[in-house]
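Chain A is already provided as a structure; the job is to place chain B on it using the hints.
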Amino acid sequence: MSKLYLVCAAALVFLFSSSMASDENKTLRTMMVEQQIKARGITDEATLQAMAAVERHRFVDGAMSERAYEDRPLPIGHGQTISQPFIVAYMTEIVQPKPEHRVLEIGAGSGYQAAVLAEIVEKVYTIEIVEPLAKSAGALLQELGYDNVEVRHGDGYYGWPDAGPFDSIVVTAAASYIPPPLIEQLKEGGRMIIPVGSPLRTQQLMLVEKKEGGEVQTRSLMPVRFVPFTRTDD
Amino acid sequence: MIDPAGAKGSRMQRMGPAVGAFSIGLIGCQIAWMQVLAQAQWSHLAHMIIAVAMLGFGASGTWLAAGGKWLLQRATFAVPLCMGLSSLAMAAALYLAMSDFARFDMMELFMGGGGGGWKLVFTYLIFFLPFFLGALAIGLVFTAAPERAGIIYAWNLGGSALGGPMALLLLNFVTAPAVALLLAGLAAMAAIQAGLWRINRWACGGLLLTMLIAGWFPPEVQRSSYKDLSRALDMPNKEVMGPLANAHGEVHTVRSPALRFAPALSLQFTGEPPRGRAVFVNGNPYGTLLPAPEAGTPFILDATPRGLAYAMASPSSVLILNAGAGEDVVHAESHDVASITAVEPHPLVRSLAQDRDDARSKSTRWLGGTGRAYLSSRVAHSTDRRYDLIVLPAVGEFGGDSGLRAIEEDYGLTREAFEQMWQLLSDDGMLTVSTWIDYPPRHSLRIAATLVNLLQQQVKTPIAQHLLVVRSWGMINFVLLRSPLDDERWQRALEFSQAQGFDLLGGDEIATSGAEAATLHTMDDATLVEGLELLYAGEWIALQAEYPFNIAPVSDDNPYFQQFLRGDQWQVYREWFLQDAAPFLEIGLPLLLLTFAQIALISIPLILLPLLRLRSGARGFARPFVYFSSVGGGFMLWEIILIQRYILYWGHPIFAAAGVISILLLGMGLGSWCSGRLPGWQSWTARISGLIAVLLLMYALLLPAFITATMGLPGIVRVALGVVVLLPVAFLMGMPFPLGVRWVEESTRTRIAWAWGIDGYASVITATGAMLIAVTVGLNVPIYLAAAAYAIAAWASQSAASAIRCE
Chain A
1 MSKLYLVCAA ALVFLFSSSM ASDENKTLRT MMVEQQIKAR GITDEATLQA MAAVERHRFV
61 DGAMSERAYE DRPLPIGHGQ TISQPFIVAY MTEIVQPKPE HRVLEIGAGS GYQAAVLAEI
121 VEKVYTIEIV EPLAKSAGAL LQELGYDNVE VRHGDGYYGW PDAGPFDSIV VTAAASYIPP
181 PLIEQLKEGG RMIIPVGSPL RTQQLMLVEK KEGGEVQTRS LMPVRFVPFT RTDD
Chain B
1 MIDPAGAKGS RMQRMGPAVG AFSIGLIGCQ IAWMQVLAQA QWSHLAHMII AVAMLGFGAS
61 GTWLAAGGKW LLQRATFAVP LCMGLSSLAM AAALYLAMSD FARFDMMELF MGGGGGGWKL
121 VFTYLIFFLP FFLGALAIGL VFTAAPERAG IIYAWNLGGS ALGGPMALLL LNFVTAPAVA
181 LLLAGLAAMA AIQAGLWRIN RWACGGLLLT MLIAGWFPPE VQRSSYKDLS RALDMPNKEV
241 MGPLANAHGE VHTVRSPALR FAPALSLQFT GEPPRGRAVF VNGNPYGTLL PAPEAGTPFI
301 LDATPRGLAY AMASPSSVLI LNAGAGEDVV HAESHDVASI TAVEPHPLVR SLAQDRDDAR
361 SKSTRWLGGT GRAYLSSRVA HSTDRRYDLI VLPAVGEFGG DSGLRAIEED YGLTREAFEQ
421 MWQLLSDDGM LTVSTWIDYP PRHSLRIAAT LVNLLQQQVK TPIAQHLLVV RSWGMINFVL
481 LRSPLDDERW QRALEFSQAQ GFDLLGGDEI ATSGAEAATL HTMDDATLVE GLELLYAGEW
541 IALQAEYPFN IAPVSDDNPY FQQFLRGDQW QVYREWFLQD AAPFLEIGLP LLLLTFAQIA
601 LISIPLILLP LLRLRSGARG FARPFVYFSS VGGGFMLWEI ILIQRYILYW GHPIFAAAGV
661 ISILLLGMGL GSWCSGRLPG WQSWTARISG LIAVLLLMYA LLLPAFITAT MGLPGIVRVA
721 LGVVVLLPVA FLMGMPFPLG VRWVEESTRT RIAWAWGIDG YASVITATGA MLIAVTVGLN
781 VPIYLAAAAY AIAAWASQSA ASAIRCE
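So the protein lines, in turn, are chains A and B. For the first sequence, position 212 (counting from the first letter as 1) is numbered 212 according to our numbering, and the numbering increases by one without interruption. For the second sequence, position 58 (counting from the first letter as 1) is numbered 58 according to our numbering, and the numbering increases by one without interruption.
A couple of the hints might just be wrong.
To be verified - Just so you have them, the derived chain A footprint on chain B, three or more residues with Cβ under 8 Å: (1) 222-231; (2) 251-260; (3) 416-422.
To be verified - So, partial list: chain A residues that the calculated Cβ filter (under 8 Å) puts toward chain B: (4) 177; (5) 204; (6) 206.
These aren't lab readings, by the way, just hints derived from the structure by calculation. Using N, Cα and C, we set each Cβ at its ideal position, and we do this for glycine too.
With the rest of the complex left out, here is chain A (with noise of 0.2 Å):
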């Protein structure tokens, strides 16, 4: 008998720890919305919903887990990174998302972007590389119940042609190139964001836009605008 106490003991401290665990969580995550989302400007209600929303903790190896919500990039092996959390936020409002629309993204890493575009958008395709991580982001993003997310081992460079031409597209593996195929696949009118940064810190985002009639735009777009300087005749 006392064996059974001992057992129900165990599973109340167990379920208790995990829902204060749980709660801590949210708390950390509402914070990182208002202090490091908020705080710097990101106002689409959609792109913020989706911040609350998604788990970053999950998408992070255990020993980092409790840093998740940290305002800083994350290792996540094999030399990549899940992005801090204002980046993730910024590309996601910056290529517009809406329900109806679908989605890719190049270099799934962690699936923790591929997740907060899923919280927001109709479908989203995402390619990762490196096969290890490919498999673990497609297992975890199942396994949280984002079934409008596919994962795809495989080179970026040719996008999904299958399943495009996409509304937007997001490159979170930066390349010295951006690949004619994925310009090819976007639609008209559509979005392609892509970081360009250092390993240590993103620097700068690029904005391409595919105008109607097929003319293709950039922008260099800065996540914190750097204090220019003044011309003295100014």
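Just chain B, lined up with the frame of chain A:
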């Protein structure tokens, strides 16, 4: 006074060869460790770890001075034992540093997690221990046989002089870990020769067996997963070649269907970029070995901003500097250039690029050495050789390098280098150089400022007629024209930029419309375009005054092209950092500062610690302290700057470092040997130190002119001249330390150990300090400081001698 070695004192006096062999092992091992750490991590981290670990030299002096009597009384036992333990620690450090348990990753320090902090401290300790134990052994020999200090010091310097070149030689044949273990084995044999054999033969056998086993199974370099090579190795269906061992750095090549070459490719391009074999040196990208395009097919670089020069004209002779894996050579070949000269310093990469099966132009000449060395030789020797196009490699890295290269000299991008390039251009010649777009703009504005500065000196026509700038989403390409832009070339430039969807920011366009010219690729901030406008107006000095970064052209006296931080803007940077508002990070100079601060903080208490023990006999410690710290610091200031100067003169950083260190140490060894023949220290320490101070002043004034005047001579002549110029001062620099040892020997042997420690600390502190000063204010200031240090040493010894005479 203690007679430390007693009847065995003579054994200490015969330690010279063992000290020499051990020094070879210790210094050679240090070079090999630097290579291992640079391959596993980054060269900055390697410098930081080894600089801190070298405090072991100073700490050994502290240990000896504070509690060394016991060891001194057992010197014949302690010296070989310390040498043996040091050799074991040399081997163990390598295994531990590469183990999963202790392997440190610099990125973990920045991103948190992985125990980055304690692993860094542990790494310091494991590399510190061999230096500490080794220096303890050598310091004990000095202290036990001060009357032979000159000779022992000569063996120590001679061995150290050979250690560097020997390690570099071995690196051409075996991997860096294997070199470290071989040299640790040499240090173990030195320990046996020093007397370990007599102490315990089983221990000797065990030591040798351990070294053999370690050498047979050297650890593999465990590369950071954040290095580009590690990421390339994660690519599917990869083919890897290498590593190819080389003193210039370990070379790997990787081919994968996912590795393509298309830097800042036009968004109008609809084909498929070529797949090449990516080349990595020490795990960092070094270029791509590319196949030649099929006949009639444009090369991929024609769809990037780097294609502008070829779009404007058809050059018949092209010079490609620092050609890397030869992408620009393939580009020139695809335009059927009749004469191509490519200069690349890395022999293995050059050989890989040269041996391409499909090289279209058999007339391409591949040459070794740096681009600057080639420029100097051509300018000096050829009046008829002119190039229609000079191509420089892209400056900076895609995405930025976080300022990691801020403390690397680059003589290929100085004002003097561009002046030499200008002289080698044909009448209608062009020079092309590109930069990756960085934010806030630094590389691009400094290149523009350098070119504008050159044009202001060379032409009378408006600058806009001589400088075109074309920009894609990721890269800016500058084309400098020797003769004013004509309509035909302007039209071709316009057609090119329109076809590729690039923004033409140069020529008449920028002179008239400036920012409006940029339409396809816009930036939220107009800093770049406005900066370029100011530069085109010839107002780069005004721009420099307002801009929070230093973008002024660099010179041979301050050749740190990628150092952009300004001393008067620290408050601004601090505010950005604290607000987390700076979308940039420049960590090269801060890392150097951090290294300096760490060394200074550790050293100062350790220097002062023995004084607590010396309280009773501490009278008169100030002058020896000033003397030894000045001599140690002055030498290191001189050595570090000399290496920087000789990189320009001898054309390669590795040869310059190995050559300068070896010549200085050999010269000093000779001087040290001869110092034993000088009667009494009182009349010589001040004279010699003073003479060195005068000579250093002369070097500071005359060396740059000497280098400029003789740079065009053949390499072998430059090497010979360089040796001849250095030897006299090196010879003299070998004397102050042993003479100083004779000075302090008269009071107490403990002070010899203390002096040994001070010399060690001063050397390590000033090695980093010299780089800090050089990067911020130029190469001459540290030499003036070195001269001042020797003058102070002269004063300290003179005043001590006078005091003794008065007594």
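Hints, one by one, checked against the model:
1. Counting residues of the segment 222-231 of chain B whose beta carbon lies closer than 8 Å to any beta carbon of chain A gives 6, which meets the minimum of three for the stated coverage.
2. Proximity of the segment 251-260 of chain B to chain A, defined as three or more residues with a beta carbon under 8 Å from a beta carbon of that chain, is established by the 3 residues found.
3. Given as covered by chain A, the segment 416-422 of chain B fails the check, having 0 residues with a CB less than 8 Å from a CB of that chain where 3 are the minimum.
4. For the restraint placing residue 177 of chain A at the interface with chain B, the shortest Cβ-Cβ distance is roughly 4 Å, inside the 8 Å limit, so the hint holds.
5. Interface restraint check: residue 204 of chain A against chain B, minimum CB-CB distance 5 Å, threshold 8 Å, status holds.
6. Annotation: residue 206 of chain A was flagged as interfacial toward chain B, and the flag holds, the nearest CB pair being 6 Å apart, inside 8 Å.
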